[in-house]
Amino acid sequence: MWLTSRLFRSYVYRFWLLWVVGKIANATTAAVVDLPPLAFRPGTELVICAFELAVLIAFIRRAHEDILLGNLGMRLPIALAPLVLLHLVLSLALSLLA
Amino acid sequence: MIAGDSITLSLGGRAILQSAYVDAVPGKITVLVGRSGAGKTTLFEILVGRRRPDGGQVRWNGEPVPRPSLALLARRGLFYHPDRPWLAMSLTPADHFALLGRTPQGDTIGVTAWLDRRVGTLSGGELRLTEIALGLARAPAVALLDEPFRGLEPRHREQVAAALRLLAQQGTAVLYADHDVESVRRTADRLFSMEQGATRLVEGFRERPLAEWYHAWPR
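Going line by line, the protein sequences match chains A and B. Reminder that position 18 of the first sequence reads as 9 in our numbering, one-by-one numbering, no gaps. Reminder that position 97 of the second sequence reads as 138 in our numbering, one-by-one numbering, no gaps.
Read the hints as simulated data drawn from the structure, not as lab findings. For glycine and all other residues, C-beta sits at the position ideal for the given N, C-alpha and C. It is possible that part of the hints are untrue.
What the hints assert, rightly or not - Some chain A residues close to chain B (C-beta under 8 Å, calculated; not the full set): (1) S(-4); (2) S1; (3) R52; (4) R53; (5) H55; (6) G61; (7) G64.
Put together the whole structure using the sequences plus the hints.
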């Protein structure tokens, strides 16, 4: 129900935009230190993912949508947990394509 | 159902709440009335776990809730309506009802007229009515509403008051905060008066003149 809701889909869209920004920043930094820009480095990916989630949570709180989720009985970390998987799948897919 | 007992909070050396007590009773409309800045919103935020108090307890059905959170209390049957917009602006009211798996209940407050418009395009009054209608659709055990009438025209105020009355008749413990003491006297079954972070339960608030209980706080 939650994963197919329009609210969750709106978070997926916003998270995808954050992933693009995070990936550009990560690739740029990697290129500077002579590492493959789009390679999948698990530790780095988790740090970037945490940063993307922190930004998304800040947006959600600023719009008071955490109250909407609370009224639905959902805690923010649990509601957004599937986005971690999304980040890893996107990054892994990109590294395989590169 | 829900109660805040001996709640204290200081911010920046200033006492915001001083051993405040408030509770909600099933089937009754309880109102917390006080001027702006009296501490009503802060007390409600503590009840739903959005702030941590310095002291005191939140109780649910008489049992202490050590670390209250809105999500936890919502799963037990709480609906919380804060004093600021909290719906997703990019979605429609219909999307929000779908999230709940409900439809507007009997449309007591007329949201069907704008069910498919984006929330961001609704007027302030329509938005507030939609938020309250969502809460009613959940048929909550406890409805906690911070200034539910603010910004509403008289016709909509009547609709919301009727909806709250209906909720109470269905057994919900309704607790709301307001500063309009005259309208509160018409709606409330029970009344807590709040001033400078302290509360007191007022008996006979309909019969007794305001000066005896609302304006009688020491300054």
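Verification of the hints:
1. S(-4): holds, 5 Å
2. S1: holds, 6 Å
3. R52: Hint on R52(A): violated, closest Cβ of chain B at ~11 Å, above 8 Å.
4. R53: The hint is violated - R53(A) has no Cβ within 8 Å of chain B, the shortest such distance being about 11 Å.
5. H55: Holds - the Cβ of H55(A) comes within 8 Å of chain B, reaching about 4 Å at its closest.
6. G61: holds, 3 Å
7. G64: holds, 4 Å
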